[in-house]
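Peer 1: Single-letter residue listing:
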Amino acid sequence: MLSSAMFAPAVAWQNFWRNKGLSIFAVSVMTVVLLMVAVALVLGHSFDQTIKGVESKASTVSIFMRDETPLMNVANLESRLRDDPRVRSVVFTSKAGALQRYQNDPSIPSDMLQGLEGYNPLPATVDVDIRDIKDETAVVGLVKDLPLLDKNGATNYREDVIKRIVLFGRFVALVGAALLLGLTGVAVFIIMMSIRTAVFVRRKEIEVMKLVGATDWFVRGPFLLEGMFAGLIAATVAVVAVGGGYHPMVDWGRSYLPWVPLSYDAAFLGQLVLMMAGFGLLLGALGSYLGVRRFLHT
Amino acid sequence: MHTLSQTPEARLLSDTRQAPLISFQGVGKTYPNGTVALHDVDLSIFRQDFVFLVGPSGAGKSTLVRLLIREEKSTHGRIYVDGQELGRLKHRHLPYLRRKIGIVFQDFKLLPKMTVFQNVEFALRVTRGVDRLTRAKVEEVLSIVGLEGKENEFPETLSGGQQQRVAIARALSHDPKLFIADEPTGNLDPATSWEILQLLLQINNRGTTVIMATHNKEIVDVMRRRVVVVTAGTIIRDEEAGGYDEAPGALAEVANAQ
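Protein sequences, first through last, are from chains A and B.
Each residue of the first sequence is one higher than the one before, counting from 568 in my numbering.
Each residue of the second sequence is one higher than the one before, counting from 8 in my numbering.
Just chain B, with the same shape it has in the complex:
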């Protein structure tokens, strides 16, 4: 179990002068069909944090992610990202929020008709246009993810791990403050999953806040980072340096459910 210095409350005390990068304040989400996805969620995530978001399928993890990128609006409560309240964010300002966030998914979302280089360049083109620095930036992020020499290949010729690396490079291209990985290892073998995780740690070490939603028990247990467990739309555990199934009661059920 966490020590006093590791509890979220202690963290809040030590970070009183630093505003959280992300703050959920009594956030609830009910979908139009009546499904309640989140109940009164309170959560603070600070700059340079690395947070695992775990929980069974349908627990509300994806809703949390969708709320963060404002693909959905909360039904009640407030969400702040980098000081901006998302509920009051106008539609036309949404792109500028998304440029602060890099996001990768289980299914990579690469464009099959574009090469590796073009997939990454595409993200720069739509946000700031192409200039003389673009090629250098694309090469830089491809080098970070270890894909030098693969620039002219098409996604279908790459392995799953390599495709996820391209997606990560694309998400990194506009230097996001927040990096969200939604089940990034869901389609990958264990060895490749570890490679992707190492990459996310490297990104975190460069100063970017990372949130990783995952079902991968082994990774969470070995990494001993902050763990937020969501079950039935409620955060049942928020623990520094936690494991996947260390909590009593409901968490054991979560682990067993996997």
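Next comes chain A alone, as it looks inside the complex:
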């Protein structure tokens, strides 16, 4: 005899097992959907990392100072920028420091360095790291008209590139969200139809339950668990497949797309397991809830 607490899980498992064909179909379709979701999440995370890498480079603006700028003025500028909440850090590099850095750069050929003996063409620099790339234009606007700025020197601030990155990031996030929403809808629909079939198979039992005074939650409980069970199995398969393919995919990306700063993030796998388990459970529960709902209210 089953205890009351075990009734819903036991019935859910019995139903799942009795309707093997239907259960396997539902789990298979959900697995495909969750695989796509997991791939989307991994690609999204990799893209996010890449964008962050590009942003961190692009969000550092180098301000080249005129040689005749008094040190006091530079200190004032530094102080002003440090006080701005949009600025993460400010690093001043003197003319001598810039030259030393240039000379120590292994990527600069030695014949280019020979011409610099006794001559330093490099300006002193204030490197400003901005927290959010979207604020870059505003922060640059604060300093670009200052007389101490070397208008002839180049800065690595590229407004058009930054705007494109921000726009592309938004576009990818929007497409990803739409894709996830669509896939979620498909998964919920599949579970709903499968649970509706299970309800139909057990309609006589449910009719008796309602007649003798079972609450809606008592009737709904086993179906909800059945859907969540299917969602969890599908999520497990999807996580194993995508988790196993994550490292090889990053390696492949690095070798075939060397200009894209891809990196393997082991910590993300833990998050992926939690997200997929939660997502699978939620999809299963939502699909089941909708599948039983119509029957309970007739």
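Hints listed in this document are in silico derivations from the structure and should not be mistaken for laboratory results.
Values in this document were obtained by computation on a predicted structure and should not be read as measured data.
Some clues are possibly wrong.
[Said to hold, decoys possible] Below, computed lysine-lysine pairings styled on BS3-like, alpha-carbon distance capped at 25 Å: (1) A:K587 <-> B:K120; (2) A:K771 <-> B:K116; (3) B:K80 <-> B:K184; (4) B:K144 <-> A:K771; (5) B:K97 <-> A:K771; (6) B:K107 <-> A:K771; (7) B:K120 <-> A:K771; (8) A:K771 <-> B:K80; (9) A:K701 <-> A:K624; (10) A:K771 <-> B:K157; (11) A:K624 <-> A:K711.
[Said to hold, decoys possible] Estimated spans, in silico, between C-beta atoms of each pair: (12) A:A844 <-> B:R95: 42 to 50 Å; (13) B:Y38 <-> A:Q581: 36 to 44 Å; (14) B:R135 <-> A:Q581: 18 to 26 Å; (15) B:H98 <-> A:L748: 26 to 34 Å.
Backbone N, C-alpha and C define an ideal beta-carbon position, used for all residues, glycine too.
Put chain B on the given structure of chain A with help from the hints.
Peer 2: Chain B in isolation, oriented as in the chain A frame:
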């Protein structure tokens, strides 16, 4: 015909201090396809009453039963069961109304994959869960309906009468105040029908109100209990200790129609 002390009006007078268990007040029911199933029905049924609900097929008996268990809502009028107005009952409170009502049908509605014991236990499980008293309760109701020793059998191995007894045991398991039997003898032979009726009388004698919808003329005539006759959605006769076809006019047509 009924004497003054037996008329429903006289009953109402004598029961002024006792609220009816069931009260229909100007109840009408029209289905979405336009079929009018009941017109302005007024009916009071008191505690411990035994009422036969008779009438031809499609007269509105089943609609009355469905309204009582709130499987349907009335289109107009009010229905009270044990002081609760069903029209105002929230969906989430419906199970608690149904736990006050035991109901059996012509087709028994037993679960074929469960044993006799499990069928009865199932009703207890869904309402109050299983505890140490459950087995004793199941055994008690199976003993009331005379099915001791059949606990481990499956419904398909039982006769029609025995299956109806299981359904009755299940309906009794949560000690209902009201017992509704919708054509309980419709699929049974005359001898078995009498056995089932004896069981319903026994339940009534234990203090439970019983409403039995039936086409069985012989049972109604022999029992001489309260008879409510429904024809074309209207109560045309409500008589204490009545018979199936004692009323003039329309009732004779009802009897002939059977």
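Peer 1: For a quick check of understanding: which of the numbered hints are violated here, in increasing order?
Peer 2: Failing hints: none at all.
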